Amino acid sequence: RKEVEQDPGPFNVPEGATVAFNCTYSNSASQSFFWYRQDCRKEPKLLMSVYSSGNEDGRFTAQLNRASQYISLLIRDSKLSDSATYLCVVNRGGSYIPTFGRGTSLIVHP
Amino acid sequence: GAGVSQSPSNKVTEKGKDVELRCDPISGHTALYWYRQRLGQGLEFLIYFQGNSAPDKSGLPSDRFSAERTGESVSTLTIQRTQQEDSAVYLCASSLVRMAQETQYFGPGTRLLVL
Numbered sequence: 020r021k022e023v024e025q026d027p028g029p030f031n032v033p034e035g036a037t038v039a040f041n042c043t044y045s046n047s048a049s050q051s052f053f054w055y056r057q058d059c060r061k062e063p064k065l066l067m068s069v070y071s072s073g074n075e076d077g078r079f080t081a082q083l084n085r086a087s088q089y090i091s092l093l094i095r096d097s098k099l100s101d102s103a104t105y106l107c108v109v110n111r112g113g114s115y116i117p118t119f120g121r122g123t124s125l126i127v128h129p
Numbered sequence: 390g391a392g393v394s395q396s397p398s399n400k401v402t403e404k405g406k407d408v409e410l411r412c413d414p415i416s417g418h419t420a421l422y423w424y425r426q427r428l429g430q431g432l433e434f435l436i437y438f439q440g441n442s443a444p445d446k447s448g449l450p451s452d453r454f455s456a457e458r459t460g461e462s463v464s465t466l467t468i469q470r471t472q473q474e475d476s477a478v479y480l481c482a483s484s485l486v487r488m489a490q491e492t493q494y495f496g497p498g499t500r501l502l503v504l
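So the sequences go chain by chain: A and B. Using this note's numbering, you'd call the opening residue of the first sequence number 20 and step up by one each time. Using this note's numbering, you'd call the opening residue of the second sequence number 390 and step up by one each time.
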């Protein structure tokens, strides 16, 4: 089993739709979690950290389920500009080496 | 403020030549990472620096790859005797190590093409 797994998609949704991605991780000692966004031919950029209690930033909501070892990202009211690849990142406890998922591709169409 | 910068932005080389890729991290960031991303693929971890030392070189794909960091700042990734399979985007990231929460800031990458 891969350490961090994501559905590669693509998720093809109309503007205004709500879309959710999940990311599962295998190491129960994982301590910190992030979602990054990568636009085509660009570098990854931090979208948001994921906190145990769940957190929201505008149209984006991230949640962590430690019991089932997954994190999720919910995007409400999708915009064309949300089209990108969303990378799940997990840091193991005691390690400074983050593990990146391969990403989930989102395409928002008019 | 200034972000992570990398040079060159693009590099085309012939098989068998050596290349050097440079990364300038954000000032004050003690951790520096190199990744490789092949076309349509995810990020592949190469090496991590804490200060000037590299506690984890486990991701370097072969002994043709080496990296160094000086002055807790600039890092250079060197690929000797390049092969066509080395063609990829090489991304550098830095982070301000703070407890267990580390946000990585990426540079724009160097696109390497080995002919």
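Some hints here could point you the wrong way.
[What the hints assert, rightly or not] Looking from chain B toward chain A, a few residues come up when the C-beta cut is under 10 Å (computed):
1) Y422
2) Y437
3) G448
4) V478
[Claimed, not checked] As a list, the in silico SDA-like pairs of lysine to any residue whose alpha-carbon atoms are at most 20 Å apart:
5) B/K446 to A/K64
6) B/K446 to B/K400
7) A/K64 to B/S416
8) B/K400 to B/S447
9) A/K61 to B/Y494
10) A/K61 to B/E433
11) A/K64 to B/E433
12) B/K400 to B/Q472
13) A/K61 to B/K446
14) A/K21 to B/R427
15) A/K64 to B/S396
In case anyone wonders, no lab produced these hints; they're calculated from the structure. Model, not experiment: these values are computed from the prediction. Glycine residues also receive a C-beta, built at the ideal position from the N, C-alpha and C atoms.
Here's how the hints hold up against the structure:
The beta carbon of B/Y422 comes within 8 Å of a beta carbon in chain A, closer than 10 Å, and the hint placing it at the interface holds. Given hint, B/Y437 at the interface with chain A, holds; its Cβ is 6 Å from that chain's nearest Cβ, closer than 10 Å. At a threshold of 10 Å, the smallest CB-CB gap from B/G448 to chain A is about 8 Å, leaving the interface hint in force. Below 10 Å, beta-carbon pairs count as interface contacts, and B/V478 has one with chain A at about 8 Å; its hint therefore holds.
Only pairs whose Cα atoms come within 20 Å are accepted, and B/K446 paired with A/K64 is rejected, the gap being roughly 24 Å. Of the pairs offered as hints, the one joining B/K446 and B/K400 is violated, with about 24 Å between alpha carbons and a cut-off of 20 Å exceeded. Proximity of A/K64 to B/S416 is assessed by CA-CA distance (about 18 Å); at most 20 Å being required, the pair is judged to hold. With a C-alpha separation of about 25 Å, the suggested pairing of B/K400 with B/S447 is violated against the 20 Å cut-off.
Of the supplied pair hints, the one linking A/K61 and B/Y494 holds, its CA atoms being roughly 13 Å apart against a limit of 20 Å. Under the criterion of a C-alpha separation no larger than 20 Å, the hint pairing A/K61 with B/E433 is consistent with the structure, at around 16 Å. For the suggested pair A/K64 and B/E433, the alpha carbons sit about 16 Å apart, so the restraint of at most 20 Å is met. Under the criterion of a C-alpha separation no larger than 20 Å, the hint pairing B/K400 with B/Q472 is consistent with the structure, at around 14 Å.
In summary, the hint linking A/K61 to B/K446 is not supported, as the alpha carbons are separated by about 25 Å, beyond the 20 Å threshold. For the suggested pair A/K21 and B/R427, the alpha carbons sit about 18 Å apart, so the restraint of at most 20 Å is met. This hinted pair checks out: A/K64 and B/S396 have alpha carbons roughly 19 Å apart, not beyond 20 Å.
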